[in-house]
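Spelled out from the first residue to the last, the chains are:
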Amino acid sequence: MGALDVKNVVSGYGGKAVVRDVSFTAAKGEFIGIIGPNGAGKSTLMRTISRVLRPDSGSISIGSRDIFSMPQKDFARSVAFVSSDPAVVFPFTALEVVMMGRFPYIKMFGSGSKEDIEAVERAVAATDCGAVISRPIDRLSAGERQRVLIAKALAQEPGLMLLDEPTSHLDISHQVQVLDILKGLSAGKITVIAVLHDLNLAAEYCDRLVLISGGAVRLAGTPAEVLDYRIIEEVYNTVVVVRENPVSGKPYVLLAPGSRKGGDRQGSGNK
Amino acid sequence: MKDIRNILEDRRKRSVKTAVILVSLLLAAAFISLYSGAAKIGLFEPLNTMSRQILYMRLFRIMLAVLVGGGLSVAGVILQGLLRNPLCEPYVLGISSGASVGAVLSIVLGAGGAFIGLGALPLWAFIGAAATFFAVYRTAEVSGRVPMQNLLLTGVIAGALLSSIVIFIVSFSQQDALHSIIWWLLGNLQIFDGGLLFFVAVMVVAGTAVAYIFSNELNAFALGEEEAAHIGVDTERMKMALFLTASMITGAAVSAAGMIGFVGLIVPHFMRMIVGPDHRILIPSSFLAGGIFLLVCDTAARTLMPPAEIPVGVITAVFGAPFFIHMLRKKSRL
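So the protein sequences, as listed, match chains D and A. Heads up: the first sequence begins at 1 in my numbering, then just goes up one per residue. Heads up: the second sequence begins at 1 in my numbering, then just goes up one per residue.
Read the hints as simulated data drawn from the structure, not as lab findings. Model, not experiment: these values are computed from the prediction. Any given hint might turn out to be false.
Chain A regions said to be covered by chain D (calculated; three or more residues, Cβ under 8 Å) [stated by the list, open to error]:
1. 77–86
2. 158–164
3. 227–237
4. 271–277
Cβ coordinates follow ideal geometry from the N, Cα and C atoms, glycine included.
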C-alpha cells in the first residue's frame, strides 16, 4: 500500500472515457513523472486524482482512505494541486495567494494563526519567492508565478502534490529551478506526481515514469526502463535515439528531425 | 523571515485606518444630510413639532440610503467575486427585473397583501425577486452542478425576458399608474415605512454578515472554481449560499427603493482599487462606501432642485457612468 493507489480507473467526460484503465502506485516521497503524447489522458487522469472528476469505475486511495469519501478540507490537507496556469482575476498579491493555501486549516472568521504564518514562511522559503511576495500575482513573470503557485500548494502541507505541466511555459533555467524545488520536496517525503512533456527533464528528475497512451498505462518503471527507443517510437509515432547522459547517467532522448514514422519502418539508428 | 509578519501587521493597521476613515465619512455625510433640505432647520434652533417631524423623516431616509447603498455594494462584491468578472452588478442575474414585474403588477392590479410588516408593493417585488432567483438557479443547473457561465447567461436572458414583460404591462397602463411605475423603476428612497426599513435592515445586515463569514471562500474563487475546490472549498454549496445571499440583499434593496443603478457596480470596483481584492477588507469597506455614496447621491437628489426631487437613480447614473468610464480607460492604459 503506497502513498497513492490508483486502481483500474476509468474516467472521462459525459460518459465518454478518456482514461480507460489506469493503475499505478506511488510510494511516500517518490517523484513520479506522468508522460505520454497529447490527448493520451494525462490531464484527465490528474483531474480525477485531484477529485475534480469522479471516475466512472475504479478506485483512488491515499494511505487506505478512498479519496472520494474524504471531507473536502481533509482532502485539501492531504493533496495539493498545481495547475498549469490558472488566471487570477483580481490583483491579489503573491503573499495573499500563498496564504490561500492555508484555507483548509483556517477556521471560520480566522485570518491566520502563528502556525499558518509559519507554514507560509516555510513554503515561501522552499520555493525561493520571498522577493516577490508583496507584488500582485498578475504582474509576475511565468517562472515567478509558478513558484508562487507551488508555494501555495506547499502551504497546504500536503503529503501528495500533483502538478499538471509545471514547466510548460518556462525557459530552461526556470524549468530546472522548478524541478529542483520539486526534487527537494520529494526528498522531504512529499510524494510528487507531475505531468511532464519534456522526456529528458522527466528522465533526469523522476524516480519513476508512468507512460500513458490511449488512456491506459503503456509502461511504468524507472526512466531507463520506460525510455526504451522502441516504446517511445511506438507511442509517440516519432523516430528517436536514446543515449545516456554522460554526467548523470540518466537516459536522454534525441529526435531525428524529418523522420516522423510513416507506414514502413525506417532505420532509427539506435544501438 | 520577518517580512511576512511585517506585511501582515501593516495590512491589519491599514484596514483599521480604512475603517476609521469610512465610518467618519459616513457619520459626516449623515450629519450634513440631516440638516440639508428644502426646509431649513438650523443646528441650534429649538425644535418644534414640525421640525422634529422633518428631522425624523430625514433620519429615516438616511438609514434607508445607507442600507440600500451598502447592501447593493456587498451584493456587487459577491457577484463580481463568484463570477470572476469585475463588470458584474447585482442586477446581472435578473433579480431586479423579477422584482420589477412583481412591483409593476402590484401597482397595475392594485394587488393587496401584507406580510411581516411589508406593504403590498415591496412584498410583491420581493416575491418577484426570490422567484426569479430560484427559477434562474434551477434552470442553470446541470446534473447537480451550476456552471457559472450557464448561470450568467440564464440570468441575463431571464432579465431581458422579465424586462419585456414590464414594458408590456407599462404599455397598457393608465396615466396615473404609469407615473408610479416610472418613478419606481428609476429608484427612490422616499418610503417612510418602519416595517419596510426593518425588513431591509435585517436582510442587508444578515446578508453582509454571511458574505463576511465566507470572505476566505470568496477569495479562493478568484483563483477559479476548480482551484477553489483544490484548496478545500465546497464550491457547489458555497455558490448556492452566496448567490442566494446576494440575491436576497438585492431583492430587499430593490423592493424598498426600486432600481437604483451603478452603486453595486462602481463601489466594489472603486474599493478594490483602494483596499485591494481581499474580501475580508473589501466586504465591510464596500458596505460603508456604498452607504456613503448612495447617501450623498440621495441628499443631492432632494436638495439640488427644491422643492422638486430628482430620482436618485438618475443621480447615481450621472455620477457613476463617467466615473466608471474613467476607471475603465485608466485600467486599459495600464
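Now the hints, each set against the structure:
1. 77–86: holds (count 4)
2. 158–164: n = 0 at 8 Å, threshold three: violated.
3. 227–237: holds (count 7)
4. 271–277: holds (count 3)
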